[in-house]
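S.K.: Here are the chains, one letter per residue:
Number of protein chains: 2
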Amino acid sequence: MQGINKYIEQNKNRFLEELIDLLKIPSVSADPAYSKDVLNTSVAVQKSLQEAGCDLVEIHETAGYPIVYGEKIIDPALPTILVYGHYDVQPADPIELWNSPPYEPVIKKTNLHPQGAIFARGACDDKGQMYMHVKALEFMVKTNQLPCNVKFMIEGEEEVGSDNLGIYVANNKEKLANDIILISDTGMIANDVPSITTGLRGLSYVEVEVTGPNRDLHSGLYGGAVANPINILTKMIASLHDENNHITVPGFYDKVENLSKEERAEMAKAPFSLENYKKALDIEAVYGEEGYTTNERNSIRPTLDVNGIWGGYIGEGAKTVIASQAFAKISMRLVPNQDWEEITELFKTHFTSIAPKGVTVKVTPHHGGQGYVTPIDTIGYQAASKAYEATFGKKPIPQRSGGSIPIVALFEQELNSKTILMGFGLDSDAIHSPNEHFGIWNYLKGIETIPYFYKYFTEMKS
Amino acid sequence: MQGINKYIEQNKNRFLEELIDLLKIPSVSADPAYSKDVLNTSVAVQKSLQEAGCDLVEIHETAGYPIVYGEKIIDPALPTILVYGHYDVQPADPIELWNSPPYEPVIKKTNLHPQGAIFARGACDDKGQMYMHVKALEFMVKTNQLPCNVKFMIEGEEEVGSDNLGIYVANNKEKLANDIILISDTGMIANDVPSITTGLRGLSYVEVEVTGPNRDLHSGLYGGAVANPINILTKMIASLHDENNHITVPGFYDKVENLSKEERAEMAKAPFSLENYKKALDIEAVYGEEGYTTNERNSIRPTLDVNGIWGGYIGEGAKTVIASQAFAKISMRLVPNQDWEEITELFKTHFTSIAPKGVTVKVTPHHGGQGYVTPIDTIGYQAASKAYEATFGKKPIPQRSGGSIPIVALFEQELNSKTILMGFGLDSDAIHSPNEHFGIWNYLKGIETIPYFYKYFTEMKS
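The listed protein sequences derive, respectively, from chains Z and W.
1 is the number of the first residue of the first sequence in my numbering; add one for each residue after it.
1001 is the number of the first residue of the second sequence in my numbering; add one for each residue after it.
These are computed hints drawn from the structure, not numbers from a lab.
A couple of the hints might just be wrong.
Label pairs and their computed distance ranges (CB to CB) [unchecked claim]: (1) K36/Z to E1096/W: 19 to 27 Å; (2) K1036/W to S35/Z: 51 to 59 Å; (3) E316/Z to N1172/W: 48 to 56 Å; (4) A63/Z to A1033/W: 34 to 42 Å; (5) P1365/W to R14/Z: 53 to 61 Å; (6) P1250/W to R264/Z: 50 to 58 Å; (7) P1365/W to A63/Z: 29 to 37 Å; (8) L274/Z to P1250/W: 54 to 62 Å; (9) E1096/W to I167/Z: 31 to 39 Å; (10) P1250/W to E316/Z: 29 to 37 Å.
Cβ coordinates follow ideal geometry from the N, Cα and C atoms, glycine included.
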């Protein structure tokens, strides 16, 4: 990839400014209040693909937010890479914990990002990482070095479960036909320890509702005499883990893939400092399933976490009330072979069954998706590995991620393609949290590395 | 009390209109947003006492909301009744469950109130019940039938713990000197089953905070590997009750008064239909401490209830986050001999001790108060009993209430007086809940009954 470093050096200010413009639009897909902004973002992405050199860019309407499709087909005989990304972002709450407004990007230096990082919601997840691909394409087109065909599919509903993307993919198999899918929506271990994500966890996300008396009650007159939905909800949730932090939903572990001693030993070689991990989070101790290390707990083991809980009086001061209802949002991260729909059903059955008399329980599935594993003996993985070697000067480490991109399993099923997960963010980039950021070095390194993947993949495929 | 029925008949529309005007002011003491309204309410109460015939009415500033003091001293040699009430109200949340706006009073008929009830926040607790005393005084003054001296002390912080009232009472013992304290801030069994509250539970109200990682985290990247403050909070709260719904805080029951078989048998005679109770709340079963009846559970037994819980993402849709913090408001209703400050300390020590490593816990006491029991062999109780007999045509039943008026125990301690709790509301009047209301019949019956208490108490005391 001749002249890549020079091209980046000459254009890096523009690359940053363009990304900053994109980050200024609050494309929160979960909250209908932002729907205009989400739509405006799709138009901005369309424009950026046109300017980068796509021959065809379309906005596909769905039942939810649109999918931006772009392509540059230089020769049907050559391999085709399908780039997937998303232009929607997580809600910014809790807003008050941001040091700068989430949609007014600022650049600040951090310990891990001495060259500066862009702070904004979506900086890393996924606008920044998605935009690396747009700029990599621009470089290859402008310098006549695009070695193969490329298709882009950028959606606006990843943070709310990608429901409509699944339908779109199933209905457009021919249009989306490809040899490999490329996604940057994960992270790497450290700037000097490049890694490629080879596994993703599946996800089942549900909302639960516990209803007791038909109205809020005075806690003096009724306290102790009726089931308090909040107390009951805490009891029910608490019972979902046993004393070893195993999940108690019957059948939950039945299909969990058990890694061999050798595989676990291999995993344990990845550089990891428990002290630094605890220090970065300001915690005295880690916590999790008995018998597994921290890295195993958040990659090869399934989990169950409450993501939100609410009920009763949560304002200033005190109110002596027994709430009529209590609610929680609960998600389970799943590992390969666990089917998310089956797990959702198991959860629903179990959670309903443990409700005591005096309350009723409703479980509403939000969304979910299957886990995924990329084999490392494929051309796709090997090409990615060589690309990192070319730009980082060292071989990347294959690594299972604890996160989920539910759509990846569906891509394989519908499009019959493997996915390569080239992530350039760091775990400490605070995605989904206040003060999300993305290192400028990482952003530019991604733009530099991606074209090498095109090159090696095309060469190895030929 | 000559001409009482005629006087009420002639003035009842005005009595209603005046109360409705008072209910229109949203005097929510828990929420600083309403501070002007709370202050305006104190002025309205001052005016109403002047108009009813008090010789002296003062507004006493405190560190919080003011106390309205009024008096009519006709002869220092006669007995003095001190009327206590409060002009502040509970927050109206959840607003969306009100059938009419909480501060726009409307009159509607209900099954239990065929003559209509006023629906508004504070209608029963306590503006309506407090105002009965103002109108009863008006009657006695206008018809020259006031048999004794009377003092009014109406505060604006009952719903937030009466902190400043305690200071005021301690500093004004002489001014507040009295022979009996009269309060209408409780209920009665039914319109055809009058009852007098002879016991109140104490209260300890705390807020707890569980902090895990120093920021919200992505539940995929960290799920299963760090202590999730919400999961931990549910586990900690769930552990506060054992499988028999006994409270597990060490020492919690040590001083609980145990009633004799005979006393429990006497209590069990009060009319009560479990079927109607369940039906009124739309619940399939009651729930509470093993070994006690519903009426015992909410009167002679202490309880622990979560009044509010919150943490993580509680907006629309789904967010895959592990919250940095989780919170709950927890209150304990206490019975005679349990000291609220001691119980608060026991709770704090226990709750902090059960936190696992990986989180820190903070317990902040909100407010509290001691429980109280009125002996039925006193002149005060006997005078009240005769008053009910005069207007209801039957003897009232003595009844322990599950509610708390923490200040009552303090009155006895500081002013050396017993308190008579003449409540005219019904449990179904939805105090502290949406659609709070107060029967018009009950309101007028209160105005009718109170002067008889003045009469009998003065006669029996002489």
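S.K.: For the range 29 to 37 Å, tell me whether the beta carbons of P1365/W and A63/Z fit it or not.
M.R.: 51 Å, violated
S.K.: Please test the hint of 53 to 61 Å on the beta carbon pair from P1365/W and R14/Z.
M.R.: 58 Å, holds
S.K.: Verify the CB-CB distance for P1250/W and E316/Z against the hinted window 29 to 37 Å.
M.R.: 31 Å, holds
S.K.: Could one say that the CB atoms of E316/Z and N1172/W fall in the range 48 to 56 Å?
M.R.: 29 Å, violated
S.K.: Is the hinted range of 50 to 58 Å satisfied by the C-beta distance from P1250/W to R264/Z?
M.R.: Since the Cβ atoms of P1250/W and R264/Z sit about 42 Å apart, the hinted range of 50 to 58 Å is violated.
S.K.: With respect to the beta-carbon atoms only, verify the hint that L274/Z and P1250/W lie 54 to 62 Å apart.
M.R.: 34 Å, violated
S.K.: K36/Z and E1096/W, beta-carbon distance inside 19 to 27 Å?
M.R.: 26 Å, holds
S.K.: Just tell me: holds or violated, for the beta carbon distance of E1096/W and I167/Z against 31 to 39 Å?
M.R.: 34 Å, holds
S.K.: Holds or violated: the 51 to 59 Å window for the beta-carbon distance between K1036/W and S35/Z?
M.R.: 37 Å, violated
S.K.: Confirm or reject the claim that A63/Z and A1033/W have a C-beta distance inside 34 to 42 Å.
M.R.: 40 Å, holds
The structure does not agree with the numbered hints 2, 3, 6, 7 and 8 stated previously, though it agrees with the rest.
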